[in-house]
Amino acid sequence: MTDEESTTDDVRADGSGIVAPDDETPTWRERKERTQGLSQLTYEYFERSRREDQDLRQESDYVERDVLAFPTWPHEIIRNLAIASFFVGMLLFLSATLPPHIGDPANPSSTPAIILPDWYLYWSFGLLKLGPLNPELSILGGEKLMSDRMYGVLANVVVVGFIAIVPFLNKGSARRPVEQPLWSAIGVGGVIFALTISVYSAKNLLPMNVKLAFDLTFLLPIVGGFITWAVLKTMREGYMYDLNRRYYRLRPPK
Amino acid sequence: MADEFIKGLGIFTASGLGWMVLAGWYRTPSFASEQQLVSPVELSDSATMFDTLGVMLMDALFWFTIIGALTFWVVIPAIRQAREALEERAQ
Numbered sequence: 001m002t003d004e005e006s007t008t009d010d011v012r013a014d015g016s017g018i019v020a021p022d023d024e025t026p027t028w029r030e031r032k033e034r035t036q037g038l039s040q041l042t043y044e045y046f047e048r049s050r051r052e053d054q055d056l057r058q059e060s061d062y063v064e065r066d067v068l069a070f071p072t073w074p075h076e077i078i079r080n081l082a083i084a085s086f087f088v089g090m091l092l093f094l095s096a097t098l099p100p101h102i103g104d105p106a107n108p109s110s111t112p113a114i115i116l117p118d119w120y121l122y123w124s125f126g127l128l129k130l131g132p133l134n135p136e137l138s139i140l141g142g143e144k145l146m147s148d149r150m151y152g153v154l155a156n157v158v159v160v161g162f163i164a165i166v167p168f169l170n171k172g173s174a175r176r177p178v179e180q181p182l183w184s185a186i187g188v189g190g191v192i193f194a195l196t197i198s199v200y201s202a203k204n205l206l207p208m209n210v211k212l213a214f215d216l217t218f219l220l221p222i223v224g225g226f227i228t229w230a231v232l233k234t235m236r237e238g239y240m241y242d243l244n245r246r247y248y249r250l251r252p253p254k
Numbered sequence: 001m002a003d004e005f006i007k008g009l010g011i012f013t014a015s016g017l018g019w020m021v022l023a024g025w026y027r028t029p030s031f032a033s034e035q036q037l038v039s040p041v042e043l044s045d046s047a048t049m050f051d052t053l054g055v056m057l058m059d060a061l062f063w064f065t066i067i068g069a070l071t072f073w074v075v076i077p078a079i080r081q082a083r084e085a086l087e088e089r090a091q
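Sequences listed follow chains A and B, in order.
For the first sequence, this note's numbering assigns the number 1 to the initial residue and increments by one for each residue that follows.
For the second sequence, this note's numbering assigns the number 1 to the initial residue and increments by one for each residue that follows.
For the record, the hints were derived by calculation from the structure and aren't laboratory data.
Bear in mind that the values here come from a model prediction, so they are computed numbers and not experimental data.
One should not assume that every hint holds.
Using C-beta positions, here's what the derived DEER-type ranges look like [to be verified]: (1) A:Phe46 - B:Val75: 45 to 51 Å; (2) B:Asp3 - A:Ile222: 35 to 41 Å; (3) A:Ala82 - B:Ile76: 25 to 31 Å; (4) B:Leu17 - A:Ala113: 33 to 39 Å; (5) A:Gly161 - B:Val38: 42 to 48 Å; (6) A:Glu52 - B:Ala60: 22 to 28 Å; (7) A:Ala113 - B:Val75: 46 to 52 Å; (8) B:Phe31 - A:Lys203: 46 to 52 Å; (9) B:Thr48 - A:Pro105: 32 to 38 Å; (10) B:Thr48 - A:Val191: 46 to 52 Å.
We put the CB at the ideal spot given by N, CA and C, even for glycine.
Kindly generate the complete structure, drawing on both the sequences and the hints.
Quick look at the structure:
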């Protein structure tokens with residue numbers, strides 16, 4: 001019986017219990033052998049973080065915890081103050097130097113020529129225009145099962161529903177896109193689809209063929225997702241999964 | 001490399017901001033118009049020396065934004081690469 005075995009069962013709250021097993025911990029020599037390119041950069045980055053963490057633990061009188069994090073004061077507060085000051089300063093500067101003219105009041109008795117929702121709802125507005133996808137069923141004698149309006153509303157339900165179940169399908173264990181190329185590709189495709197469907201929502205203003213725009217709305221996300229998937233698959237070679245995972249299991253090597 | 005990048009980015013954002021403000025003063029008839037920041041410079045008869053200086057500064061900042069960023073992002077790295085290549089060839 002070694003010391004290690006006897007202490008594996010009880011939970012220690014001082015943070016020392018979550019050391020990576022000795023046989024998985026890279027030696028200093030192993031770490032320093034990664035001397036090239038991306039692996040060297042990754043090594044230096046993690047090594048610096050790990051070293052800072054170690055110094056912090058050794059010098060501080062903080063109670064060690066199971067979760068590795070920086071204390072809110074001063075680290076996070078100082079950083080957040082700096083960021084907040086920057087943006088407040090930018091707001092003051094811009095509002096002082098470029099005061100916008102106040103526009104004419106809206107005229108309630110006339111309908112504007114261009115009707116669009118706020119920009120962040122363009123995607124939803126675009127989903128309402130999916131009429132061409134609504135099939136004419138021969139079993140109904142060429143009738144549509146539901147009106148195009150109803151179809152558009154249901155499309156919103158489908159998209160929002162898919163976004164809602166993503167956290168249940170993928171628990172988010174990846175730290176970088178390379179670790180899960182497929183999900184990264186789905187994400188990129190979704191972002192591109194949000195953009196293309198937003199553009200399509202203003203199809204009456206588009207200076208291009210509407211049918212082409214409709215096809216591109218669905219093709220571009222697939223193309224973008226496939227490119228992302230291919231690039232990330234290629235990047236997997238040379239990516240140090242173990243080092244990354246080990247860092248999140250925390251603790252310096254002996 | 002990273003240093004050169006942040007120098008270029010600093011020049012690009014800071015002087016770009018300065019140019020945007022001055023162009024908002026001198027080259028934007030209205031924020032509702034379709035020609036913002038790029039319409040011809042209009043200095044009224046009551047323009048002071050400061051307005052003239054502002055227009056000059058606007059043009060200077062515009063070119064500084066472009067040339068400064070290009071210098072740090074393209075020219076200096078290219079010179080370094082070329083120098084390294086020459087040294088390697090000399091060996």
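* Asked: Is the distance from the Cβ of threonine 48 of chain B to the Cβ of proline 105 of chain A consistent with 32 to 38 Å?
  -> 34 Å, holds
* To do: Note whether the CB distance of threonine 48 of chain B and valine 191 of chain A lies within 46 to 52 Å or breaks it.
  => 49 Å, holds
* **Assessment of proposed distance window 46 to 52 Å (beta carbons of alanine 113 of chain A, valine 75 of chain B)** => 48 Å, holds
* Asked: Range hint 45 to 51 Å: satisfied by the CB atoms of phenylalanine 46 of chain A and valine 75 of chain B?
  -> Taking Cβ atoms as reference, phenylalanine 46 of chain A and valine 75 of chain B lie about 34 Å apart, which means the hint is violated.
* **Whether the CB-CB distance between phenylalanine 31 of chain B and lysine 203 of chain A falls inside 46 to 52 Å** => This hint is violated: roughly 27 Å between Cβ atoms.
* **Range hint 33 to 39 Å (beta carbons of leucine 17 of chain B and alanine 113 of chain A) holds or violated** => 34 Å, holds
* To do: Indicate whether the distance between the beta carbons of aspartate 3 of chain B and isoleucine 222 of chain A respects the range 35 to 41 Å.
  => 40 Å, holds
* Could one say that the CB atoms of glutamate 52 of chain A and alanine 60 of chain B fall in the range 22 to 28 Å? -> 42 Å Cβ-Cβ, so the 22 to 28 Å window is violated.
* Asked: Falls inside 25 to 31 Å, the C-beta gap from alanine 82 of chain A to isoleucine 76 of chain B?
  -> The hinted range 25 to 31 Å holds for alanine 82 of chain A and isoleucine 76 of chain B, with Cβ atoms some 29 Å apart.
* Range agreement (Cβ of valine 38 of chain B with Cβ of glycine 161 of chain A, hint 42 to 48 Å) -> 45 Å, holds
When held up to the earlier numbered hints, the structure conflicts with 1, 6 and 8 and fits the remainder.
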